[in-house]
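Asks: Listed below, chain by chain, are the residues.
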Amino acid sequence: ETGVTQTPRHLVMGMTNKKSLKCEQHLGHNAMYWYKQSAKKPLELMFVYNFKEQTENNSVPSRFSPECPNSSHLFLHLHTLQPEDSALYLCASSQGAAGLVPGANVLTFGAGSRLTVL
Amino acid sequence: AQKVTQAQTEISVVEKEDVTLDCVYETRDTTYYLFWYKQPPSGELVFLIRRNSFDEQNEISGRYSWNFQKSTSSFNFTITASQVVDSAVYFCALTSGGSYIPTFGRGTSLIVHP
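Here the protein sequences line up with chains Z and V, keeping their order. Numbering-wise, the working numbering puts 1174 at position 71 of the first sequence, and it's gapless, one number per residue. Numbering-wise, the working numbering puts 99 at position 98 of the second sequence, and it's gapless, one number per residue.
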């Protein structure tokens, strides 16, 4: 499969559940990103990993826990979420810091995981 | 600090109209990159174009054109003869200072009516 694949595409969970979102890329990219997109709000950067190391944590609540076991896979573990966490969670990848010109990196996005917290 | 402003939250046009999406950026760096992405209803952001700060040439790709003006710190996007399939949210983004992590604008939702 090419591109960035996110699973599940839709998830409904209760506030006491524990679930995980998965992101996978086979583009040979070294950086992976989690973004949150809520209705009527801008894209919010949550986490960035470069070569499996977390390089950015944008003051995200601890109920969101990222995991990056290798450069191709990224997870977002969810527990005791709130209804206001309902949103579209987008994963992206890019060459990251290893690119010839890092600032020129183009991000490739997945289709997102639509999360609803009841 | 860097910032991207897309002042237009939503634009509604009728098919075949021309439409311009505005993007104003702020950065103290002399080397930077500007991007446009399209997010159709399916959710996935798709890359459209990238420009670097040293190349102010405007670009045309089919019905799409981009006007980069350093004097006004703007990188505007024009769709000529819009079509219903152009309906999407369009994001402008900026990287600068050697960072590979982009700063996105809030996005402009374009609705093209038949």
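Source of the hints: derived by calculation from the structure; they are not laboratory data. Check the hints yourself; a few may be wrong.
[Stated by the list, open to error] To give an idea of the interface, some chain Z residues facing chain V are shown, with a C-beta separation under 10 Å as derived from the structure:
hint, residue
1, Val1107
2, His1129
3, Tyr1136
4, Tyr1138
5, Gln1140
6, Lys1143
7, Pro1145
8, Thr1158
9, Ser1197
10, Gly1202
11, Leu1210
12, Phe1212
13, Ala1214
14, Leu1221
C-beta: ideal position from N, C-alpha, C; glycine also.
Asks: With reference to the structure, classify each hint as holding or not holding.
Replies: Status of each hint after checking the structure:
no. : hint    : verdict
1   : Val1107 : holds (8 Å)
2   : His1129 : violated (16 Å)
3   : Tyr1136 : holds (8 Å)
4   : Tyr1138 : holds (8 Å)
5   : Gln1140 : holds (8 Å)
6   : Lys1143 : holds (9 Å)
7   : Pro1145 : holds (4 Å)
8   : Thr1158 : holds (8 Å)
9   : Ser1197 : holds (6 Å)
10  : Gly1202 : holds (6 Å)
11  : Leu1210 : holds (7 Å)
12  : Phe1212 : holds (4 Å)
13  : Ala1214 : holds (4 Å)
14  : Leu1221 : violated (21 Å)
Hints 2, 14 from the earlier list are contradicted by this structure; the remaining hints agree with it.
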